[in-house]
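A.B. asks: Listed below are the residues making up each chain.
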Amino acid sequence: MQGYIEGDLMEAYHARREKYGKRKADVQFIIDVLLLFRPGIISSKKRYSLNSSYMIGSYFKTGWRNLLRSKLHSTLNIVGLTFGMVCFLLIALYVFDELTFDQYHVNAEKIYRVVEHKNVRGEATIIAAAGYKLAEESQHSIPEVESTTRMLRTGRANLVDPEHPVPFQETVTIADEHFLEIFDFPLLEGDRRTALKAPASIIINEELAMRIFNRTDVMGKSLQFSHLSFPLKITGILKAHPRNSSFNFSSVMSESSFYTADFFKETMASDWASNSFSVYALLRPHSNPDSVSGKMTRLVLSNYTPGDGTKLSYSLQPLKDLHLKSANIFDGARNSNVESIPQGNPLYITIFSFTALFVLLIAAINYTNLTTARASGRVKEIGVRKAIGAMRSNLIGQFLFESWLTTGIAFVLAIGVVHVVLFPFNQFAGKQLSLFSVNYHFWIYAMAAIVIIGFLSGSYSALLLSRLKPVSLLKGLKLTGDLSVRTGLVIFQFTISVVMIIGTLVLLLQVRYLNDTDLGFNKDLMVVIDVNTRTARSNFETIKDQISKVPSVKNVSVTSRVPGEWKTLRTVKVRNEGSTDDPGISYLFGADKDFMKTFEVTLLQGRNFREANDSSSIIVNETAARMLNITEPSGQTVEIAAVSRGGDFETLEVPFTPRVIGIVKDFHFQSLRDRIQPLILAYNNNPIHVIDYYSVRIAPVDIPGTLDKLKAIMVRNDVDDPFEYHFLDDQLALFYVEDARRQTLLGWAALATIFIACLGLFGLATYSTEQRVKEIGVRKVLGATVIGLVSLLSRDFLKLVLIANGIAFPIAWWATNRWLQEYAYHIEVSWWVFVLAGALAMGIALLTISYQAIKTARANPVNSLRSE
Amino acid sequence: MKKYQLGEFEEIVILTIGILNNRAYSVSIKDEIESRLSRTVSFGALHTALKRLEDKGYLKSFAGESTEERAGRPRQYFEITAMGKKAMQYAKETRDELWKAIPKTVWQANLSG
Numbered sequence: 002m003q004g005y006i007e008g009d010l011m012e013a014y015h016a017r018r019e020k021y022g023k024r025k026a027d028v029q030f031i032i033d034v035l036l037l038f039r040p041g042i043i044s045s046k047k048r049y050s051l052n053s054s055y056m057i058g059s060y061f062k063t064g065w066r067n068l069l070r071s072k073l074h075s076t077l078n079i080v081g082l083t084f085g086m087v088c089f090l091l092i093a094l095y096v097f098d099e100l101t102f103d104q105y106h107v108n109a110e111k112i113y114r115v116v117e118h119k120n121v122r123g124e125a126t127i128i129a130a131a132g133y134k135l136a137e138e139s140q141h142s143i144p145e146v147e148s149t150t151r152m153l154r155t156g157r158a159n160l161v162d163p164e165h166p167v168p169f170q171e172t173v174t175i176a177d178e179h180f181l182e183i184f185d186f187p188l189l190e191g192d193r194r195t196a197l198k199a200p201a202s203i204i205i206n207e208e209l210a211m212r213i214f215n216r217t218d219v220m221g222k223s224l225q226f227s228h229l230s231f232p233l234k235i236t237g238i239l240k241a242h243p244r245n246s247s248f249n250f251s252s253v254m255s256e257s258s259f260y261t262a263d264f265f266k267e268t269m270a271s272d273w274a275s276n277s278f279s280v281y282a283l284l285r286p287h288s289n290p291d292s293v294s295g296k297m298t299r300l301v302l303s304n305y306t307p308g309d310g311t312k313l314s315y316s317l318q319p320l321k322d323l324h325l326k327s328a329n330i331f332d333g334a335r336n337s338n339v340e341s342i343p344q345g346n347p348l349y350i351t352i353f354s355f356t357a358l359f360v361l362l363i364a365a366i367n368y369t370n371l372t373t374a375r376a377s378g379r380v381k382e383i384g385v386r387k388a389i390g391a392m393r394s395n396l397i398g399q400f401l402f403e404s405w406l407t408t409g410i411a412f413v414l415a416i417g418v419v420h421v422v423l424f425p426f427n428q429f430a431g432k433q434l435s436l437f438s439v440n441y442h443f444w445i446y447a448m449a450a451i452v453i454i455g456f457l458s459g460s461y462s463a464l465l466l467s468r469l470k471p472v473s474l475l476k477g478l479k480l481t482g483d484l485s486v487r488t489g490l491v492i493f494q495f496t497i498s499v500v501m502i503i504g505t506l507v508l509l510l511q512v513r514y515l516n517d518t519d520l521g522f523n524k525d526l527m528v529v530i531d532v533n534t535r536t537a538r539s540n541f542e543t544i545k546d547q548i549s550k551v552p553s554v555k556n557v558s559v560t561s562r563v564p565g566e567w568k569t570l571r572t573v574k575v576r577n578e579g580s581t582d583d584p585g586i587s588y589l590f591g592a593d594k595d596f597m598k599t600f601e602v603t604l605l606q607g608r609n610f611r612e613a614n615d616s617s618s619i620i621v622n623e624t625a626a627r628m629l630n631i632t633e634p635s636g637q638t639v640e641i642a643a644v645s646r647g648g649d650f651e652t653l654e655v656p657f658t659p660r661v662i663g664i665v666k667d668f669h670f671q672s673l674r675d676r677i678q679p680l681i682l683a684y685n686n687n688p689i690h691v692i693d694y695y696s697v698r699i700a701p702v703d704i705p706g707t708l709d710k711l712k713a714i715m716v717r718n719d720v721d722d723p724f725e726y727h728f729l730d731d732q733l734a735l736f737y738v739e740d741a742r743r744q745t746l747l748g749w750a751a752l753a754t755i756f757i758a759c760l761g762l763f764g765l766a767t768y769s770t771e772q773r774v775k776e777i778g779v780r781k782v783l784g785a786t787v788i789g790l791v792s793l794l795s796r797d798f799l800k801l802v803l804i805a806n807g808i809a810f811p812i813a814w815w816a817t818n819r820w821l822q823e824y825a826y827h828i829e830v831s832w833w834v835f836v837l838a839g840a841l842a843m844g845i846a847l848l849t850i851s852y853q854a855i856k857t858a859r860a861n862p863v864n865s866l867r868s869e
Numbered sequence: 029m030k031k032y033q034l035g036e037f038e039e040i041v042i043l044t045i046g047i048l049n050n051r052a053y054s055v056s057i058k059d060e061i062e063s064r065l066s067r068t069v070s071f072g073a074l075h076t077a078l079k080r081l082e083d084k085g086y087l088k089s090f091a092g093e094s095t096e097e098r099a100g101r102p103r104q105y106f107e108i109t110a111m112g113k114k115a116m117q118y119a120k121e122t123r124d125e126l127w128k129a130i131p132k133t134v135w136q137a138n139l140s141g
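Protein chains in written order, with this note's numbering: chain A, 2 to 869; chain B, 29 to 141.
No lab work stands behind these hints, which were simulated from the structure alone.
It is possible that some hints are incorrect.
Unchecked claim - Partial pick of chain B residues on the chain A-facing surface, computed with a CB cut under 8 Å:
(1) Val55
(2) Thr76
(3) Arg103
(4) Lys113
(5) Glu121
(6) Thr122
(7) Arg123
Said to hold, decoys possible - Listing some non-contacts, in silico: residues in chain B with all C-beta distances to chain A over 12 Å:
(8) Lys31
(9) Leu43
(10) Ser56
(11) Ile57
(12) Leu74
(13) Gly92
(14) Glu96
(15) Glu97
(16) Arg98
(17) Leu126
(18) Ile130
(19) Val134
Where is the CB? At the ideal position from N, CA and C, for every residue including glycine.
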C-alpha cells in the first residue's frame, strides 16, 4: 500500500508542479504527507509481514546450519536435554503408573469401596470391610447403587489337581457373581456373566493354571481346596493382572458354593455390620458417594443396633484412591495370614514428580544459558536480518523454532535411550512400564511438557536477542547480555543439584542404618518355614526333634509369628488382674522355650519357658513391662480379655489370665518405621495364637544341602504340606526394598542433575574465557602466572556455586528432616553430609571450569594479541 | 440492522469510483471529487476511506501500470464488487424512503419560511 501512496504523492506533485510551480507543490506535498499520518494507514504492519509458513523452511535451514556450525555447543545442548528428558520420561512413567492404579476397569470412576468407621468409647477403627446384608440390600433399596459385589480372602490352603495331587498353597478368595460384572478382570476363556454364578465354580489366572496344569486350556477341569469337602469346577481363565492393579488374587471361587451350608444360612441373614466382606459398590452415573454412604449407614442402623457407646458409620472410597490414599484404612475381610493389598506412598510420588520436573528444568536452563552466552557469535546474523526487514516477531519465531528443533532432536534421542534402558529400569523398579502401551494421556502430558520446555528454554534468548538495535549489532558491538539472569539461573541449577545430592546421601545413610541397626535379635542364617497344615502343627515336637538332628542345624524354635513378620500380628487388650484401669494394647505371639536361644534374644529378668506345660505363663518385653508397671517378674497375673486379628477387638469367652515369668530386652519385631510396641510372648500352646512357623538357625555350610534335608523332613511328616520357607534377613530387607529403590532412583536423578548442570557450566566457562582471551593475553604479557589466571577465571563461577550451597543447605535440611520423620528410628542428619555435598558440587564445578581456564591460561599470548 | 455500512465520505468515494469506471485510482478519484463537489480531499482521508471500503469487501484493487511521473510506483486501481454495488443500492433506497417519508408540509413551511 505504501508503494501506491508514494506513487500517488509523486503523481500529484508532478501535476501541481506543472500547474503552480515548485514552491507551492513542495508545500502541498508536505501537507499531504502530514495528513497521511492516520492510524488506518500507518498501522498496516500485518499486511506487510511475510507469510510465516514460508519462513519455517528458512528457519529450519538456518537452525540446522547453526547446529552444525558450533558442534560443541549443539552437543552440550542436545546431550543435556536428552539426559534431562530420559530422567523425566522414566520418572514420569513410574509416577504415571502409580497414579493410574486400578484405572483400567471401564467403570473405575464409578466403583467405590465400602469403608467402615467404628468408634467404641473413643477407640476408633477404620476398616475396609462390611457385612453381607449391607451389600445385598443396598443394591435393592438405594437407588444410586447399581450393584455391589462381595469379596473375602479366608486364608491360605492347598489347591490341588485331583488327578495329579501336588499341593500349591494359595490364598482362598471368594466372591459373588457380580464380581466380574463390576470389575473388568479380563477372562481368556469362560463367560464373565456366569463364571461365578454356579456353586463350586472357580476361576484361576493363567499363571496359576501354568503352575498346576502346565497349560492354560483347562476349562471344565476340577480342582480341590484341601479344607473343602467338594471339588471345584474351573469356569474361567483369568489373564494375569497388570502390575498397576491393587488386586493380586490368583483364583476366585464362587460365593454360591456356600449358600447351602448351614453356617452360611445361619449367619448371613442377620449379618449387617460384620467385617466379613470387602464390599465394592458400582454407583449410577453422577451419584454423590457421600449421600450414598449416608444412606448405607442409615440402612445398617435401621436393622442393627450397635453396642453401648459404639458409633458406626460407613463411607465410600473411590477405587482410584485404593493405592495411594489408604494409609490409615485397614484392609479387612481377610485372614491374618493373607497379605493386605500393596500400598503406594503419596509422599514419594510428590518427591519424584518434583525431581522429574527439576531435572527437565535444569536441562532447559542449560539451553537458555548456552544460547544467550553464545549469542555474540550471531550478532551479525541478527543485525543483517533486522536490516533487511525482519520484524521482532520473526526473530522470536526463529529462535523459538531453533529451540524446538533442538528439543525435538533431544526428544527423539531420549525416546531411543528410554526404550533401551526401560528393561533394566523395570527390573529394578519392579514395574512393567512400557513406552508404547502406555495410556495416550501420558503422551499428551509428555508432549505438552516438551513443547513447554522448548518454549521456556528458547523464549529468554529469543526475547533478549530480538530486542537489540540493528545498528549496534552491525557495528559489532559486544553483547553485554543480562548477566544477572544467567548467574541467577546457574545458582538455581546448582541449588537443586546440591539439594538432591544431600537428599541422596541422607537416604543412603538411612537405608544403611536400617539394614545395620542391631534389631535385638540375630536375623542371619535363619530359615523360616511356614506351617500350613494341621498335621505339621500337631506333630511339631517330632518335627522339631528331627530338624534339630540335622547336623548343620544349630537351633530350632516354633512360633506363631516371627520378628520381621509380614503377616498380621495379633494384638490383645491386657491389664493386671483385678485392675480397673483401661486395658493397654499389646502385640502377642506364641513361642516355645527355644525361641530366645534361636533368635538370640536377651532375657533380662525372670526365667524362660520350661519344658513342662507352661501354657499359662508369658514373657513380656521391656515396653510391655513398663505398660503393665512390672519391674520384676514374679508371677503377676494379667488378664487378657479381647483379641484382634487386625480389625475389631473380639472379647474372649473365657479371659486368658497368664502369669508373667520373665522380661526380655526390647527387640524390633516390626519394621524400623514403627517404634517398639508392647509385646507378649505366650507359650506355644497358648489359647490365642497357634504356632505357624519353624525357625531354624543353620550353619553357613552347604546351605542347599541343609534346605533339602529340611524339606525331606517336612514332606515325610505331611505329604500335603508344600515346603515354604524364607530367609529371615531377606524377609526383613523387604521392609526397606522400596527405600533402596527410591535411593537408587534419586541417586541417578541427582547424578543427572549435576551432570546436566556441569554441561551448562562447561559451556558458560568456554564462552566467558573466549570473551576474555585478549585480556588474558595482556595479563600474561605483563607477567601474570598460570595459577593466577586460572583462579581469576574460576573465581566467578565458584562464587555462584557457593551461593547455591548457601541456599541449598536450609532447604535440604528441612526436606530431609521431614522425610526422616517417617521413621521411628532414624539417623540424625549431621553437618558433614552438607559439607560433603557442598564440596562435591564445588569440586565437580571446579573440574569443569578448570579445563577451559587452564587451556586459556596456558595459551601463547601471541596468538590472541597478534591481530591488534 | 446495519446491513451495509457506508459513511458519507465513503459513499462519495464509491460513487466516484463508479463514475470513473475502470480508471479509478487515488489521484483520479481525488481530482474527480474535487472538481465535481468543489471540496478538497487529502490523500490521507482518501486512502483511509479506500482501505476501509476494501476491508468491508465493497472494493477490490489491482496493481496497474507504473509511470515515470510516479517514480516507478504502480497505480492501484479500484473496482466496485457485487457487494459494493448492493451497498450503494441499499444506501440509495434507504435515503429515498426517508425522503418519501418526509411530510410535504415540511417543504412548504420551509419555502414559506
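A.B. asks: Taking the hints in turn, state whether each one holds.
C.D. replies: Going down the list of hints, with the structure as the test:
no.: 1; hint: Val55; verdict: 5 Å, holds
no.: 2; hint: Thr76; verdict: 4 Å, holds
no.: 3; hint: Arg103; verdict: 6 Å, holds
no.: 4; hint: Lys113; verdict: 24 Å, violated
no.: 5; hint: Glu121; verdict: 28 Å, violated
no.: 6; hint: Thr122; verdict: 25 Å, violated
no.: 7; hint: Arg123; verdict: 26 Å, violated
no.: 8; hint: Lys31; verdict: 23 Å, holds
no.: 9; hint: Leu43; verdict: 20 Å, holds
no.: 10; hint: Ser56; verdict: 10 Å, violated
no.: 11; hint: Ile57; verdict: 10 Å, violated
no.: 12; hint: Leu74; verdict: 9 Å, violated
no.: 13; hint: Gly92; verdict: 9 Å, violated
no.: 14; hint: Glu96; verdict: 9 Å, violated
no.: 15; hint: Glu97; verdict: 4 Å, violated
no.: 16; hint: Arg98; verdict: 4 Å, violated
no.: 17; hint: Leu126; verdict: 29 Å, holds
no.: 18; hint: Ile130; verdict: 35 Å, holds
no.: 19; hint: Val134; verdict: 38 Å, holds
Checked against the numbered hints above, the structure breaks hints 4, 5, 6, 7, 10, 11, 12, 13, 14, 15, 16 and satisfies the rest.
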